[in-house]
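So the protein lines, in turn, are chains A and B. Take 1 as the starting number for the first sequence in UniProt numbering and just add one per residue. Take 1 as the starting number for the second sequence in UniProt numbering and just add one per residue.
No wet-lab data here; the hints were simulated from the structure. Treat the hints loosely; a few may be bogus.
Said to hold, decoys possible - SDA-like cross-link-like pairs, simulated, lysine to any residue; straight-line CA separation at most 20 Å:
hint	chain 1	residue 1	chain 2	residue 2
1	A	Lys103	B	Met689
2	A	Lys260	B	Glu753
3	B	Lys709	B	Glu465
4	B	Lys750	A	Thr263
5	B	Lys411	B	Arg202
6	A	Lys103	B	Phe684
7	A	Lys103	B	Ser693
8	A	Lys54	A	Met146
9	A	Lys276	B	Asp627
10	A	Lys260	B	Glu465
11	A	Lys276	B	Asp756
12	B	Lys750	A	Arg188
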Amino acid sequence: MTDIRYVAPQTLDEAVSAFAAAQGSARILAGGTDLLVQMRAGIVRPGLIVDIKKITEMTEIAETAEGGFRIGAAVSGTTLAEHGSFGKAWPGVLEAINLIGSKQVQGRASPGGNLCNGSPAGDSVPAMIAAGAVVTVQGPNGRRSMPVEAVPAGPHRTSLAPGEILVSFTLPPRPAGSSDAYLRMIPRTEMDIAVVGLGANLTLQGGVVTAARIGLGAVAPTVLLVEEAGKALIGSRLDDAALEAAAAACRAACKPINDKRGTIAYRTKVAGVLLKRTVAIAAARAGGN
Amino acid sequence: MNVVTDKLQVEDNKWIGTRTIRPDGADKVTGRASYAADNAMPGMIWGKVLRSPHAHARIRSIDTSKAEALPGVKAVVTAKDIVDFPIETSVMLGIQDMRWMCRNVMAREKALFHGHPIAAVAAINEEVAAAACALIVVDYEVLPHVIEIEDAIKPDAPILHDFAKFEGKPSNIAGTMTAKLGDVEAGFAEADIVVERTFRTRPIHQGYIEPQACTVSYSADGRATIWSSSQGQFMVRAMTSLLTGVPQSNIRAIPAEIGGGFGAKTIIYLEPVALLLSKKSGRPVKMVMTRDEVMRATGPTSGSFSTVKIGAKKDGTFVAAKGDFYIQAGCLPGGPLRGPVGCAFAPYDIPHVLSVGYDVVSNRSKVAAYRAPGAPLGAYAAECVIDEIAETLGMDPLEIRLKNTARSGTKAAYGATFTKVTFEETIESIQTHEHYKAPLDKNPRPGVKRGRGVASGFWYNAGGESSAQVNITEDGNVVVTTGHPDVGGSRASIANVAAELLGVDHGRVSVLIGDTASIGYSNLTGGSRVTFASAMVVTQSAEKVIGQLKERAAKIWKIDPEAVHWENGEARPAGPNAGQFPPLTLADLAARASETGGPIGAGVQLNTAGAEPGFATHVVDVEVDVDLGIIRVLRYTAAQDVGRALHPSYVEGQIQGGVVQGIGWALSEEYLYDSQGRLENAGFLDYRMPVCSDVPMIEAVMLEIPNPKHPQGVRGVGEAPIVPPLAAISNAVHDALGTRFYSLPMSPPKVLERLDQA
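My request is simple: use the sequences and hints to build the entire structure.
Written out as structure tokens, the structure reads:
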């Protein structure tokens, strides 16, 4: 019936030209843990599959000159877990990516795929937003970069232009006293999808929060950066009042729906609960750094 | 853990009661086992089903011409090709009415649920078959639909079937069942305390891993071969025969390994359709359901809406019990009323009982059996009310159960008078268990509460028709064939029995499952009957074989067969008077079989009886995250009278599996429909069965109290363990939170909403 073409280019330029030439009928294949499932379910029927795993830049983890990390969009969660220092700097990002699916899925699933799938419930996205990660994208008109939170445009939609491919995530260098954490609420203990997911990234100096970013997932059409929650924490010693203010900011940011996974009331309340719990974990980790 | 209360037949056993390697194990762990979807044939084509996009619609016409014209399409089938069973006349196969089965495998007058089969296509591959399905033009008159029980029984509800009448009026209540004992109103008048509560549960899928699949080859001579996995190859043959008109003698049903059934594979969906497609196309036809089709259009078991009222004296003595159980049948009649109506109060000696079940149809897929069909629904309501009575009276919840247990001679409302009741033993086993005595810190840390709950359960168990053949091979080994698909380790149990009786090493016994042409009729693998019934027929077959072996030895020794003993796999002279001969082994006798009378082997076919009912008592500790509303099971202990554990690993497996399914039922599993009557969670991501990390190790306490009516003392074990968990967990949650939930599942949003109200 409908033929599907498959290409696995060695360079990004080849990938971009093949992807752009297909004019919307192509899909990018990284781990395939969303794409293949969607194809089997008949949700997408691509005419062309562009496998990006043969492109070095998309599959490597590099330490930047500034002391941060650049992660190729197709790096798997398992590869990140096996990296010598990434998990020490970004335990929250790492735990978020490796909450996706099962062990088998984690061997394939990538943060780039998780972001581009555009699900409001993608686990790695709130953690990446909290981390202040910046993505590099390349398209027919060249390269550009933008913050992670600018990528999701709505459920299963992104702000990537036609023909653009997500290349990598750049995470900033870590000042002393920094760490992050990610928690999600799921009815089961694993193999599930977030009803609410929250990433917290903190820097503490002498017990005082000097930087804080909160990413919040599954409570709105896109994953959110909750700037008010971060602001509520900055300058505090994470006292109850600051935590409650940050929790309230998270609840206020929620624009959830009632669906098969949770109610509006439930998701809103849980966003505040997860803020407090996630910040406590990130702070404990930051204290050790 | 197992507690053996009767040493009879136990200490001398070499194989029975041991944890031998299961005969089907190696093939399963190496991926070599052949399941239903693994079969392929030369010339085989693929069948696909077109399903209704509406929850309720009259089918005005079906035009298949465009589909038939599509290149690659070999056959199209609609309800016109399935044998029609008119509404006026019931035709039963076991508990299944063919009037409903013919309309379930292919919609006839109306599409009754979203996903109801409308037509099927066979084509050269799945893609062409799917494309052809899309070319079938169906003219639907869309009708109002109804999903939930409470909506379906309203006076102005859309009526599914004109022929269904209740109290003289068209109704979605398609039937009722009553169990009655004494005078329930008089009983309540004697009560010092009466508790009446209403409970709701959601439909639950059986959740087997293997989707339904089959290959059917219909030959030019009118004979058909079916490869499929089911809980009964003879059921497959008979039901396919009824629905296609092909006589049973012309159908051979070959059972594949089965990847889980839990009751749901006691009926068929694909086999008659594939047979008709094969007949029309002249090619073998394979059909495999997707997970989406499995969730949408097979099973599940019923949701329920029940009211239970129990009256007791101040000392805790139950005087009366009343139950009204509205049970979902799905789109066609036949919900498992017998489960709640008969089982809810059966463990107790209550003089006045009135238990009524209502069979409620609505626009959902027709329910299929699920492990102790319906019994968990009744026990959930009854055991929660009993907990509330115990709490009100200040009694220990096990003590109140002990005070009211059915005993030998107790008459149950469903009709039986019990001969030997072992319910008391299960309660005492939990009472004295370290788990029940261990202190529980109910407030271990801020935001966390813990609680403990108990509940009991009853299941009928069953005997029924079984066949076995035990053959001695020419090289002196043993092949046992039964007619039962093995869903829970029955081959392993049978291998233990055969090795024990024949006195040979377990490794010399092969246990096979025969197809419908190679073994005598055997009823379904279901009702917790297979180990009970097949051990009985295998025992009698083995005894006949031993008789033959003694005769052969007697012939060789030229002595009387009565003077030969069979011991440790050898024929020996019975005593000094019989003569002095060196023993003849099984291999010796097999080698000389031709000269002593021919092949050695025997078969037995029986309608087995004597399956005593199963009783279980469970205790569970739960922990509630009060900020997220998540309930986790911390510890679970299940005590059950198992009769005799022929193979303890698979008895434990049954108990553990039943409990885990009960945990899912109580906490996370439910069918969710949208406003159009479409199932929203037709997959394992959003249909939340527990995963391994959700449950603790379930401790199975096997009480081995031999069933006197069985040669090894076997009692069915597979179903009783799913009966108590719903109430046990609900009661534990009440102990933790001080508030009772009267509906399942106790999902996080529901729990948090309740806590916020408090």
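Taking the numbered hints from earlier one at a time, note which ones the structure violates and give those numbers from smallest to largest. 5, 8, 10
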